[in-house]
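Produce the entire structure from the sequences given, and follow the hints as far as they go.
Chains as they are written, first to last, in our numbering: chain A, 1 to 248; chain B, 1 to 248; chain C, 1 to 248; chain D, 1 to 248.
If you are wondering where the hints come from, they were derived from the structure by calculation, not from laboratory data. It is possible that part of the hints are untrue.
Note that the list lumps identical chains together, so a pair holds whenever it fits in one copy or between two copies.
Dumping the calculated EDC-like pairs for lysine to aspartate or glutamate here, alpha-carbon to alpha-carbon at most 16 Å [said to hold, decoys possible]: (1) Lys5 x Asp66; (2) Lys128 x Glu239; (3) Lys107 x Glu85; (4) Lys240 x Asp125; (5) Lys128 x Glu78; (6) Lys128 x Asp236; (7) Lys5 x Asp64; (8) Lys107 x Glu78; (9) Lys116 x Asp93; (10) Lys39 x Asp81; (11) Lys240 x Asp124; (12) Lys107 x Glu60; (13) Lys86 x Asp59; (14) Lys5 x Asp59; (15) Lys46 x Asp59; (16) Lys86 x Glu239; (17) Lys128 x Asp64; (18) Lys86 x Glu60; (19) Lys86 x Asp66.
Listed below are the residues making up each chain.
Number of protein chains: 4
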Amino acid sequence: MATLKVTVWNEYRHERQNEKVASIYPQGIHHAIASHLIKNEALQVKTAVLDDPEHGLSDETLRDTDVLIWWGHMAHDEVQDEIVEKVRSRVLDGMGLIVLHSGHGSKIFQSLLGTKTGALKWRDDGEKERLWVIEHGHPIADGIGEYIEIPQEEMYGERFEIPAPDELVFVSWFEGGEIFRSGCCYRRGKGKLFYFRPGHETFPTYYHPDVLRVISNAVSWAAPTQGAAVSYGRVDPIEKIASAGGVR
Amino acid sequence: MATLKVTVWNEYRHERQNEKVASIYPQGIHHAIASHLIKNEALQVKTAVLDDPEHGLSDETLRDTDVLIWWGHMAHDEVQDEIVEKVRSRVLDGMGLIVLHSGHGSKIFQSLLGTKTGALKWRDDGEKERLWVIEHGHPIADGIGEYIEIPQEEMYGERFEIPAPDELVFVSWFEGGEIFRSGCCYRRGKGKLFYFRPGHETFPTYYHPDVLRVISNAVSWAAPTQGAAVSYGRVDPIEKIASAGGVR
Amino acid sequence: MATLKVTVWNEYRHERQNEKVASIYPQGIHHAIASHLIKNEALQVKTAVLDDPEHGLSDETLRDTDVLIWWGHMAHDEVQDEIVEKVRSRVLDGMGLIVLHSGHGSKIFQSLLGTKTGALKWRDDGEKERLWVIEHGHPIADGIGEYIEIPQEEMYGERFEIPAPDELVFVSWFEGGEIFRSGCCYRRGKGKLFYFRPGHETFPTYYHPDVLRVISNAVSWAAPTQGAAVSYGRVDPIEKIASAGGVR
Amino acid sequence: MATLKVTVWNEYRHERQNEKVASIYPQGIHHAIASHLIKNEALQVKTAVLDDPEHGLSDETLRDTDVLIWWGHMAHDEVQDEIVEKVRSRVLDGMGLIVLHSGHGSKIFQSLLGTKTGALKWRDDGEKERLWVIEHGHPIADGIGEYIEIPQEEMYGERFEIPAPDELVFVSWFEGGEIFRSGCCYRRGKGKLFYFRPGHETFPTYYHPDVLRVISNAVSWAAPTQGAAVSYGRVDPIEKIASAGGVR
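Here it is as structure tokens:
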């Protein structure tokens with residue numbers, strides 16, 4: 001299997017500003033995720049953070065990325081519009097995108113889906129979450145049990161302002177009484193997009209084996225395909241047109 | 001049946017700059033469409049054009065519009081971003097939107113769908129188009145035969161850069177050898193969106209009885225619904241949370 | 001508005017065999033639902049039960065039904081295949097079908113969807129169910145709050161063996177820890193199909209105002225449309241075929 | 001890559017009864033397709049035909065098949081219901097199924113989709129077909145140009161009585177004026193299903209390099225996935241249920 005190039009992007013602010021978050025993710029959420037992914041020899045893994053030059057997402061890096069993973073929260077607004085647009089173009093051109101947790105409110109997620117994806121219910125009380133597999137034949141659920149249980153997480157509740165997913169893989173049950181569409185697949189342009197809910201910065205979610213497995217599975221699923229040729233713009237007719245010309 | 005308020009928006013430039021277009025639509029494309037819709041007593045119809053103050057789309061007008069019809073082409077870029085954003089918000093909040101023909105490249109269509117909807121194949125040779133009904137039970141196809149034939153139209157061909165429609169009602173056959181997804185339904189936020197392909201300014205398409213009937217049907221289909229209550233943001237738990245609190 | 005003809009079909013066995021069920025629905029589940037629907041003057045409501053001749057679903061009755069509501073459970077196998085096939089044909093030809101609760105295992109539901117729709121998790125412990133609205137702009141959710149709470153119900157849990165719904169309107173949270181796709185819309189042929197989960201015979205669910213409202217809304221949503229003309233079989237070409245004939 | 005086991009099933013009647021068909025496919029359509037697939041070392045390919053014992057689809061063969069390809073036409077009715085049911089169960093349990101051309105009217109296709117999939121328009125005049133790629137990022141379109149052109153084929157025209165596909169990969173343009181949804185993906189149970197239109201027995205379509213490439217691509221796409229665990233039936237609550245028990 002050819003090598004797949006993955007870039008794990010993280011805002012990387014909470015970890016540097018909040019002691020408790022730092023104690024969970026001392027080298028950042030991106031490092032926790034990347035440390036898992038590099039165990040797979042078929043993956044070539046880089047990280048990038050908000051405060052890198054160009055947010056670590058230069059043209060070269062983007063060109064050289066097959067699947068981009070995105071975690072952001074408190075500084076969505078600091079991501080430059082120009083770079084968001086570059087990421088969006090790469091996705092439409094075939095790069096996979098995995099948006100994690102609070103990344104639902106990011107500019108890149110909103111711009112690709114068109115709705116106000118920041119809107120949902122939430123509660124940061126550290127309650128139990130149980131993600132049920134809805135599509136048990138989906139490759140993103142490979143090797144998972146009937147559900148993933150996370151002892152303590154932030155709650156996200158419906159109504160979540162997304163377009164209906166092309167494929168709905170997980171739905172979460174929360175101890176406090178809510179439910180949420182937690183694993184959502186989209187095909188946009190030539191690219192694939194997966195939203196995966198868990199991962200609040202104050203809980204060790206990105207060390208949970210099943211959460212990591214889903215992220216690994218999603219990387220494989222979102223990998224670019226060769227696909228078919230495509231072109232746009234004015235074209236000559238393939239068949240003879242008998243009709244007289246129109247008013248020009 | 002309660003009255004439905006429809007605003008027909010038109011760029012209204014071709015008709016004032018090109019004699020041949022003016023000869024077909026002397027009072028503008030918006031006028032041709034509105035003249036048809038007002039025959040239905042259940043509709044209250046207004047028009048608005050690009051060169052009106054605020055493009056004719058003041059806060060008051062938008063608040064007072066149940067379904068907005070959109071035709072634009074040569075001046076997409078002149079539509080102010082702020083007004084696009086207001087229209088988008090109204091759609092997500094429940095207003096219906098019908099985007100016609102070259103409106104596929106408009107800012108409002110792109111911002112609601114998230115893809116580069118301006119990208120497609122085209123040819124302006126005045127060839128025959130035949131729109132086949134794919135979903136014969138869909139209300140947008142009410143009263144139509146098996147297909148709509150238009151003697152001369154501009155061709156649009158796939159690949160059309162849209163997300164897969166929630167419902168695909170029409171697919172066009174073109175004399176020159178192409179096909180196109182010509183009638184596409186989307187649900188975004190609380191609102192409904194219909195894209196309908198025909199309507200190049202150099203052909204009398206908006207006098208075609210079946211084209212007008214589809215637009216009328218789409219107005220009914222896109223009408224706002226009452227729907228369910230919704231709220232967002234932090235919420236208290238409904239059920240008691242037994243878990244100890246997390247790292248805060 | 002034209003009158004809509006609704007037939008409420010019920011197996012009507014539990015109510016006659018079990019005292020406790022009889023105490024809740026003395027005249028049967030069909031009667032409870034029909035008694036609500038007849039308050040709407042735009043509806044003309046009939047009932048039919050399994051032990052009627054032809055299960056109360058004669059050709060004439062089916063021809064004269066716009067929307068059929070279906071409740072069955074312990075006697076799915078007693079429904080004659082021939083009548084199932086007639087109902088299926090009517091749905092594909094435009095009749096609306098609303099399948100309630102344990103009707104998920106009925107022959108008619110399975111034959112229209114093609115999967116083993118009887119397969120799901122269940123538990124009959126009388127726990128709390130909360131149905132969250134996922135699509136708050138959907139007409140089936142008209143007038144509902146953010147959720148419907150039912151104090152005691154049978155639990156149904158995923159994986160539910162259905163094709164992914166065309167529209168997912170409700171997802172249930174259960175006290176015991178499961179979730180379920182509780183309101184599922186399908187378009188099949190010219191007809192529309194809605195599955196609605198609540199309604200175990202040992203609980204007074206069909207007196208719950210919001211449950212009744214959803215059923216009413218679903219009746220309106222599932223009403224037949226005029227639609228477009230359709231025909232099948234061999235047809236002559238519309239356009240001239242230049243190619244030489246094939247090997248015949 | 002692990003070996004994938006493919007069984008190519010063919011009715012194999014036209015080839016033995018019609019000289020012209022025999023001259024195109026002397027060893028049968030199944031042989032033409034299998035001869036292509038075996039060039040791929042990752043595939044292990046068998047064939048089976050209607051007149052084999054158990055139609056060549058014994059329990060053992062089905063258990064040992066990852067992807068089943070199906071071509072049938074004149075003898076759909078001769079396929080035993082019991083074997084159809086076994087194939088359907090295997091698909092719902094994860095086996096991929098590729099239905100070709102006139103297989104749209106087969107019992108297995110109808111039973112998995114639930115609609116009258118035999119209904120469509122047709123014309124056997126040997127006209128030009130052009131299959132346009134709609135989803136250019138889809139793996140089933142890998143390596144294809146913008147369209148596939150087939151000089152002479154039978155025409156199939158809409159309305160085609162299928163549920164809206166989960167993914168629509170190809171749409172055909174026909175010389176005689178019709179269009180058709182030619183490449184349709186479905187996910188049913190744990191299995192995947194692809195319908196591919198071309199392949200009338202009187203034309204050498206299964207020697208066309210792009211048609212063969214699509215079939216190869218579809219085999220890879222339809223391959224079973226590991227997926228998640230699943231179970232059905234009565235389950236104990238995961239969480240404590242506080243509600244008093246219901247009427248039992």
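Here is how each hint holds up against the structure:
In this homomeric assembly, lysine 5 and aspartate 66 come within 16 Å of each other (Cα to Cα) only inside a single copy, at 5 Å, whereas the closest approach across copies is 30 Å. In this homomeric assembly, lysine 128 and glutamate 239 come within 16 Å of each other (Cα to Cα) only across copies, at 11 Å, whereas the closest approach inside a single copy is 62 Å. Proximity of lysine 107 and glutamate 85 under a CA criterion of 16 Å is satisfied in both settings, with 9 Å inside one chain copy and 15 Å between copies. Proximity of lysine 240 to aspartate 125 under the C-alpha cut-off of 16 Å is restricted to the inter-copy arrangement: shortest distance 11 Å between copies versus 68 Å within a copy.
Taking the closest pair of Cα atoms, lysine 128 and glutamate 78 never come within 16 Å of each other, the shortest separation being 32 Å inside a single copy and 44 Å across copies. With identical chains, the CA atoms of lysine 128 and aspartate 236 are at most 16 Å apart between copies only, with a shortest distance of 15 Å across copies and 60 Å within one. For a Cα distance limit of 16 Å, the shortest separation of lysine 5 from aspartate 64 inside one copy, 7 Å, qualifies, whereas the shortest one across copies, 35 Å, does not. For the identical chains of this complex, lysine 107 and glutamate 78 are intra-copy neighbours only, at 10 Å inside a copy versus 24 Å across copies, given an alpha-carbon limit of 16 Å.
In the homo-oligomer, the alpha carbons of lysine 116 and aspartate 93 lie at most 16 Å apart only across protomers (10 Å), although the nearest pairing inside one protomer, at 23 Å, exceeds that limit. In this homomeric assembly, lysine 39 and aspartate 81 never come within 16 Å of each other (Cα to Cα): the closest approach is 34 Å inside a single copy and 46 Å across copies. For a Cα distance limit of 16 Å, the shortest separation of lysine 240 from aspartate 124 across copies, 14 Å, qualifies, whereas the shortest one inside one copy, 65 Å, does not. For the homomeric pair lysine 107 and glutamate 60, neither the shortest alpha-carbon distance inside one copy (21 Å) nor that between copies (29 Å) is at most 16 Å.
In the homo-oligomer, the alpha carbons of lysine 86 and aspartate 59 lie at most 16 Å apart inside one protomer (8 Å), although the nearest pairing across protomers, at 32 Å, exceeds that limit. Taking the shortest Cα distances, lysine 5 and aspartate 59 sit within 16 Å of each other inside one copy (15 Å), while across copies they are farther apart (42 Å). Taking the shortest alpha-carbon separations for lysine 46 and aspartate 59, only the intra-copy value of 15 Å comes in at or below 16 Å, while the best inter-copy value is 47 Å. In this assembly of identical chains, the alpha carbons of lysine 86 and glutamate 239 never lie at most 16 Å apart, being 38 Å within a copy and 44 Å across copies at closest.
For a Cα distance limit of 16 Å, the shortest separation of lysine 128 from aspartate 64 qualifies neither inside one copy, at 38 Å, nor across copies, at 42 Å. In this homomeric assembly, lysine 86 and glutamate 60 come within 16 Å of each other (Cα to Cα) only inside a single copy, at 11 Å, whereas the closest approach across copies is 36 Å. Proximity of lysine 86 to aspartate 66 under the C-alpha cut-off of 16 Å is restricted to the intra-copy arrangement: shortest distance 14 Å within a copy versus 35 Å between copies.
Figure legend: structure checked against the earlier numbered hints; hints not met, in rising order: 5, 10, 12, 16, 17.
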